[in-house]
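J.: Keeping their order, the protein sequence lines are chains X and D.
Numbering-wise, the first sequence is residues -9 to 607 according to the working numbering.
Numbering-wise, the second sequence is residues 53 to 137 according to the working numbering.
No lab work stands behind these hints: they were computed from the structure.
Computed from a predicted model, the values in this text were never measured in an experiment.
Warning: the hint list may mix true and false statements.
Sample of chain X residues with no beta-carbon within 12 Å of chain D, all distances over it, derived [stated by the list, open to error]: (1) Ala21; (2) Met99; (3) Leu215; (4) Met259; (5) Met338; (6) Leu468; (7) Gln518; (8) Ile569; (9) Gly600.
Going by beta-carbon spacing under 10 Å, a handful of chain D positions derived as facing chain X [stated by the list, open to error]: (10) Leu73; (11) Tyr100; (12) Glu128.
Using N, Cα and C, we set each Cβ at its ideal position, and we do this for glycine too.
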Amino acid sequence: MFKGDFIKNLPKIYGTYTGGFLVFIILMAIAEQAGVSAKNIGVMFVAFTVCIYALIGYLSRTINVDAYYVAGRQVPTVFNGMATAADWMSGASFVALAGGVYFGGYTYMAFLVGWTGGYVLVATLMAPYLRKFGCYTVPDFIGTRYGGNLVRACSVFVLFIASFTYVTAQINATGTIASRALGIPFEAGVWVGLVSILICSMLGGMRAVTWTQVAQYIVLIIAYLIPVFWISSNVGGGIFPHLMLGDEVARLGELEQQFGLVKNSAADMKAAGVPGGLKYISGSHSGVPEGGMAVWKYLSLAICMMVGTASLPHILMRYFTTPSVRAARKSVAWSLFFIFLLYSSAPMLATLSKLALMDPNLPTGIIGKSISEVQSIEWVQRWSEVKQVFIADFNGDGILQLNEWFMRGDVVVLATPEVAGLPFVISGLVFAGGMAAAMSTADGLVLAISNALSHDIYYKIIDPKADTAKRLLVARVLLVIIGAAGAYIASFRLTSILGSVAWAFDFAMSGLFFPLVLGVWWKRATRQGAIAGIIAGIVSGTLYLTWVFPKFSVPMWGGVNTPFLGIDHLRFGLIGAPICLVVMVVVSLMTKEPSPSVQKMVDDTRIPTGKPILGKQ
Amino acid sequence: MSNKDAYWEKTKNHMLVTLALWAFFSLVVFMFGSELNTMSFLGYPLAYYMTAQGSLLAFVIILFWTANKQEKIDEEHGFSERGDD
């Protein structure tokens, strides 16, 4: 099945797979009718899909270096687009994005623009040139273009910080979903998640990750879209929510007026015992906050996420796998198309879910009803038990007000199907989708880190004479170590000290964006400039983060500091990246211009045809 | 000017046009969020629509357009790749 004309047969193979998955969903629906318990349906959904990924991972095993690092450079554009979309959309995107929109409204949606707009930078500034270069990893490009082990090691260091920040959050998400779906403790869920991730990547490296990611994309997009369309028609939102929710958005505006957007004081919330991580609605859904600072906050967040996207190695390396430069460009467009399908649905799901809870005219509405009545609703009871929702009667009138209803963001995706009266089979499907999203991102990240360590540090710096078998062995050992380290940190729930996934974007943009862009677009950029720029960018960005983030600033700087120009801990890349640029340009101009052979290398990188700079290695 | 230089000149200009479009949909539009929200599109307030769907869709279209345009530039200068991708 995976030999000969495998590439030509891809549409058929994945078409059959999609059909098979749909049949499985129908079988589960029948099983539910026949009386199989909700818990067993959840277990079967997760177990079935994970076994399929493991099978794909096993069938894609390889002993070829080119296949291990870049999937043999034969992944067609559309399939690479799907794989990138799965690589990109994390467990957090899948379960938390709609929740973020639900609570944050317009202001939060800067993330949506940031996490999509970055692909325009990837396509115009990076992907086609890195593909032409023919590198195996992102530091491979930086190390070869600027020359020398030091610059290579510096870029591996930035890659490690950025990707590791991200990967613990993903393993954490895999563990959460596995533990809920399989009914096992969180710590065990983390290790189950890790084993699934390693089975998909260890034997076949990039090749295995590519073909499992395509399979995971198909599962996650089906799992996201079916509920959105179904809920929409159930709560009267119309059959095509994306085009038809204008009235619902306007209605939310009216309801916000009617109930009032009240801010709770921290003391009140503490006194009422609101569990940590639960939020309430205090901002407008579609209204734009007034004032220059609000505009700047929106734009600065979008800029950080866009520039960060274009610097994240696990995304850039997906475009090393296409057959040509032309295919790399097209593939970026397809990636964004597949991402768009989910991202444009998240605000619609948030709108529907909010309306279902807020509108007193709907049978599902709870705001404005008596608290005792709400507390007797089955789903409210179930989610209260696990501290995912909470009611605090601040004004003591016995009526649930908008600011008295607390909920965790994930609940929007995980519970809305139930609230809107969909059968449990849909909730099982959502578990499978969340698992696919978290696994596919974790796979890509773990592989990006271990490939950089095995190729750039071990093969290029420590032992350039190593043979193929030894290189692949080292790569696999590192993969297991990195995965285990991530799972170890996740299982101790230390992730809270690592902060937000947004940090990964800020780290990457601080240290990698300008060295990558200038490496292609500015021939005068020198090795010394790149080294100084990477170090200055990542050090200044990290120092600023410690200064602005209260958990770090109190012990390190002796107090809480007001963010400079509104640049808070989510936006520290706005300090690191400009410093990186200035230092890199100044030092480059102060040092001798690159040799003619390096300049010729840059010239060749810019032209799609001809031999790659680095071929098979 | 050699063919390579001419090719790079065109590619550079094309990059700048693409980034101008990108900046318009990712930044300029949201500088005028409150003004745009007084208008409506498909029944949605316009700024809300742009951040929820409009700009995202614009990026997808920009990417397909820019890839096709770049392929034409490749062809004009004889740097077009053959192959079935």
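J.: Next step is simple, just say for each hint if it's right about the structure.
T.: Taking the hints in turn, this is what the structure says about them:
At the 12 Å boundary, the C-beta of Ala21(X) stays outside the reach of chain D, the nearest C-beta of that chain being 36 Å off. Non-interface status of Met99(X) relative to chain D is broken: a Cβ of that chain comes within 12 Å, the nearest being about 4 Å off. The beta carbon of Leu215(X) is kept farther than 12 Å from every beta carbon of chain D, the shortest such distance being approximately 15 Å. Against chain D, the non-interface label of Met259(X) holds: every CB pair exceeds 12 Å, the least being about 28 Å.
Listed as outside the interface, Met338(X) is inconsistent with that label: its C-beta sits roughly 8 Å from the nearest C-beta of chain D, within the 12 Å cut-off. Listed as a non-interface residue, Leu468(X) keeps its Cβ farther than 12 Å from every Cβ of chain D; the least gap is roughly 31 Å. Non-interface status of Gln518(X) relative to chain D is upheld: no Cβ of that chain comes within 12 Å, the nearest being about 25 Å off. For Ile569(X), the shortest C-beta to C-beta distance to chain D comes to about 21 Å, beyond the 12 Å cut-off, and the non-interface label holds.
At roughly 8 Å, the least C-beta separation between Gly600(X) and chain D is not larger than 12 Å, which violates its mark as non-interface. Interface hint at Leu73(D): satisfied, since its Cβ lies 8 Å from the closest Cβ of chain X, which is below the 10 Å cut-off. Using the Cβ-Cβ criterion of 10 Å, the hint placing Tyr100(D) at the interface with chain X is satisfied: the shortest such distance is roughly 4 Å. Below 10 Å, beta-carbon pairs count as interface contacts, and Glu128(D) has none with chain X, the closest being about 12 Å; its hint is therefore violated.
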